[in-house]
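Place chains R and P on chain D using the hints.
If you read the sequences in order, they're chains D, R and P. Just so you know, this note's numbering puts 53 at position 53 of the first sequence, and the rest follows in order with no gaps. Just so you know, this note's numbering puts 19 at position 19 of the second sequence, and the rest follows in order with no gaps. Just so you know, this note's numbering puts 29 at position 29 of the third sequence, and the rest follows in order with no gaps.
There could be a bad hint or two in this list.
To be verified - Over the 12 angstroms line for every Cβ pair with chain R, so calculated as not near, a few chain P residues:
| id | residue |
| --- | --- |
| 1 | Gly-62 |
| 2 | Ile-64 |
| 3 | Ala-75 |
| 4 | Arg-211 |
| 5 | Val-287 |
What the hints assert, rightly or not - List of simulated lysine-lysine pairs, DSS-like, C-alpha gap at most 27 angstroms:
| id | chain 1 | residue 1 | chain 2 | residue 2 |
| --- | --- | --- | --- | --- |
| 6 | P | Lys-285 | R | Lys-101 |
| 7 | D | Lys-156 | R | Lys-69 |
| 8 | D | Lys-251 | D | Lys-138 |
| 9 | D | Lys-251 | D | Lys-200 |
| 10 | D | Lys-67 | D | Lys-138 |
| 11 | D | Lys-152 | D | Lys-138 |
| 12 | D | Lys-294 | D | Lys-67 |
| 13 | D | Lys-200 | R | Lys-69 |
| 14 | D | Lys-138 | D | Lys-156 |
Hint data in this document are derived by calculation from the structure and do not stem from the laboratory. Just so you know, even glycine gets a beta-carbon here, dropped at the ideal spot from N, CA and C.
One-letter residues, chain by chain:
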Amino acid sequence: MNTKHLRTLTIVLALSLLASCAPRAATPTAEPNGASSPANLILGAYTTPREAYGELIPLFAAQWKDKAGQEVTFEESYLGSGAQSRAIVEGFEADVAALSLDGDIRKIADAGLITHDWHTPPYNGMVSTSIVSFAVRKGNPENIHDWADLAKPGLKILTPDPKTSGGAQWNILALYGAALRGQVEGIPAGDEAAAIEFLKSVLTNVIALDKGARESITNFETGNGDVAITYENEILVGQEAGQDYELIIPKSTILIENPVAVVDEYVDQHGTREVAEAFVRFLFSKEAQEIFAKHGLRSLDAEVVEATRAQYPPVTDLFTIGDQFGGWAEAGPKFFGDTGIYSRAITQVQAP
Amino acid sequence: MTTAAPTLTSRKTTRPAPWGRWALKSAAFSYLAVLLVIPLIVIFRDGLSEGVGGLWQAISLPIAWSALKLTLWTSAVMAVINAVMGTMTAYVLVRYTFPGKSVLNAVVDLPLAIPTLVTGVMLVLLYGPQSLIGGWFQDQFGWGIIFARPGIVLALLFINYPFVVRAVQPVLENFERDAEEAAATLGAGSLTIFWRVTLPALWLPIASGALLSFARAIGEFGSIVIVSGNLPLRTQTAAVYLLGEVESANRQGASAMSIVMLSLAFGLVLFVDWLRQRGQQEPAP
Amino acid sequence: MSALPPDSAKARGASARPGRISGPLDIWRRRLMVGIVILYAAVLIVAPIVGLLAGALADGVGAIVSALSQPDVLAAFKLTVYIALVTVAIHGVFGTILAWVLVRYRFRGRWLVNGLIDLPFAVSPVVVGYMLLLLFGRSGMLAPLLDVFHIKVAFAVPGMILATLFVTLPFLPREVIPVLSAFGLEQEQAAATLGASGWQTFWRVTFPALRWGFIYGIILVFARALGEFGAVLVIGGGIQGRTETVTLFIFRALDERQYVGAYSSALALGLLSLLLVVGTDLLRKRVKRE
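Isolated chain D, as found in the complex (with noise of 0.2 angstroms):
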């Protein structure tokens, strides 16, 4: 065997040595978890909560060794909504859904992944709310105090794009929405055309439309924008960042209800239904819901609403997707379809 032998042995060798010290995760077992052998959560959420499941993790974790006595690893994945829920339809294999919009859990439903009916007490399926808000900057220069600022010449907003994002499709029906209550100056109440022209002279002054929300708003942070239209909770965990924009809360905005299910498909692959159903019920706990309303997020908490209420100011029109829009089944396809009113309204608005 001489040298050249020698060699390729050697890298063979090494080679087979990496691959077999390669990087894999946990991989999850078919097995019903004992209370011994470790578990393997995958959580599938949207962009926004980031930070609170950063510190909702561990403390579960934790709890579950107590009382299970089972060590329990979370692997987390934070897209846009929509780009999540495709995700977990084309074989992302999420234990729990955790999402920004109820139609995004639906799709998932649709794909026959989840096989129950996620709607239930304490509140309906919803872990959190927030609302949608404009973040502007220090000081206020441009004046933005309410919808009808924003369609203000030449201003420069920042909304991402509703095609993956669940927050941008907030947004669109926060605005529709308080157009059509007749809580947008100089748009009357109920008027669909004039709705739809407003929601137009917005999009106009759409600078950029990123992917997610928390993308839009980190956009902004770096300068780009006048207002960004988001998520309470993105301003909310900016500020706490140390960003020195404003919070501007319009009189009339949307409800922003954000749903969390197990995936059954994947959990009973897996075998870690018991361990995803008590993350579940976890999230409902008051401790989880002090800590959704620490980062930013409007608790569903009667107790924990009190105790917050200096941070979370009542709005004066508060409206839900159910009451004014009949729901996401039938306000998805009205705004975001292929022919929807947002869709057409973004290719007239754009035509350069």
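Using the frame of chain D, we list chains R and P on its own:
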């Protein structure tokens, strides 16, 4: 060196025994099939599932069409600028000596080593509205660099810098200067010499380099997604549009755009290959 | 036939021939040209890199080191390098075979194979990811097959490896083919008459001549694999701890406002690729000189 005693029966060919040849050929072709051909077939089948009419319908949607136009336009602008500056760079590297020449030589190769995502990050850092340069441009002229079309062209120029330079350089190096000197003795000025004598010999490498950078630019994603702003009908390129379609599970739109981009890429690659082959066949001037 | 900048090393090694003595106008013209080119390169290429350095160093070198030692970053680097190594191994073997078949054998449709080899160079990474999703996604063509064997491709590392294999395919053949074409058959035939088998001929006679083309091709594959982004984003999903490469980590870090982490990783990645490419090149020049 060999273990067998040399024999007098010579092999007719150096090639492995017929079964060996078959094995190698099938290995090579399966490799290509698995990695390239099958995915391509799958996507063509998917996009054409509604026929060419269906494909046309999906691609002629204003947003899709506009993304395509923007992509072609910015790539073409970049290719032209790249052709000029790339040729100049090659010329300077081959014909002149100057301080920092080896540095310039190395700099030309840098874009090849830098991941495109990193390129996007760098450009936003340097030219974004909060930066010194970007902010100044914004204030003085009202021009945006990032999140506007110039940013796209800038990113594409960065990434494709090496291609014209490295295509022209070897040809220029091997270029016989007799014709140039002859022209000089006949009284032609430097500019005329360059224009009439040197440049015509270079058009092939310039064209193939520029076309190659054009082809690459059409598919560029990593830098553009960071730099462009993604506004439909304004700053959304084909690749970013495609990502949106994929992420919102619009299969028809995604497959249609993919087919168009793939066809363009393949056509251009074949053309560039043909040009290069011609270049190798043409006798040196 | 190469779609790559042909033999960059050779191009780079050329020295300028002294120009003819020219008048003052020519000297100024020359200075102007050099100046323009240098300005262009400085503004286009160097400035952004300096900007990145500045961004990464914003909080000092210590911050860079601690950012790079975060478990997330280390895991991302591990995964990226692993994928790159597997890619190199596969292309090393099959790419060479492909090059051999292309050069040494006759067959119809050679132009097509040539074009196919160059194609990944111009295909958008998003298209690559999407094609793989169509094949291996839950509703993909091969989904039933994968189910039977319990193999996960989409949103898992195998899918990312396939994507990376696609985009790096041209690099090895493109470096090896010119060398192989130039390498005459005589030595191989001589070996054959001495009784060497096909394999022995290849390994002892041909391959050593290909060595540098092969190595350079491998390095290019590796460097390109390190930087892959669009395709692995679409097929892998960027799941933290499972399918997050360094590029995907940078993308996420920007979202999480971990700017120093993002810039440091970007810098590390860029430096790594750069060192590989430039280093191999220098080595090759040195060996050629001996």
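Proposed proximity, Lys-156 (chain D) with Lys-138 (chain D) (alpha carbon, max 27 angstroms): Status holds; Cα separation ~15 angstroms.
Would the hint linking Lys-285 (chain P) and Lys-101 (chain R) be met if the CA-CA limit is 27 angstroms? 17 angstroms, holds
Does the alpha-carbon distance linking Lys-156 (chain D) and Lys-69 (chain R) stay inside the 27 angstroms limit? 25 angstroms, holds
Would you check whether the claim that Arg-211 (chain P) is not at the interface survives, using Cβ distances to chain R and the 12 angstroms cut-off? 18 angstroms, holds
For the pair supplied as a hint, Lys-152 (chain D) and Lys-138 (chain D), is the alpha-carbon distance within the 27 angstroms limit? Status holds; Cα separation ~19 angstroms.
Between Lys-251 (chain D) and Lys-200 (chain D), is the straight-line Cα distance small enough, at 27 angstroms or below? 20 angstroms, holds
Starting from Lys-67 (chain D), check that the Cα of Lys-138 (chain D) is at most 27 angstroms away, please. 47 angstroms, violated
Is the claim that Ala-75 (chain P) lies outside the interface with chain R correct, judged by CB distances over 12 angstroms? Ala-75 (chain P) clear of chain R: closest Cβ-Cβ about 18 angstroms, beyond 12 angstroms.
Regarding the pair Lys-200 (chain D) and Lys-69 (chain R), is the alpha-carbon distance no greater than 27 angstroms? 24 angstroms, holds
Are Lys-251 (chain D) and Lys-138 (chain D) close enough, with their CA atoms no more than 27 angstroms apart? 20 angstroms, holds
Is the claim that Val-287 (chain P) lies outside the interface with chain R correct, judged by CB distances over 12 angstroms? Since the minimum Cβ distance to chain R is about 19 angstroms, Val-287 (chain P) lies beyond 12 angstroms and the statement holds.
Taking C-beta pairs only, is Gly-62 (chain P) more than 12 angstroms away from all of chain R? Non-interface label stands for Gly-62 (chain P): nearest chain R Cβ at 21 angstroms, farther than 12 angstroms.
Violation of the numbered hints given earlier is confined to hint 10; every other hint is satisfied by the structure.
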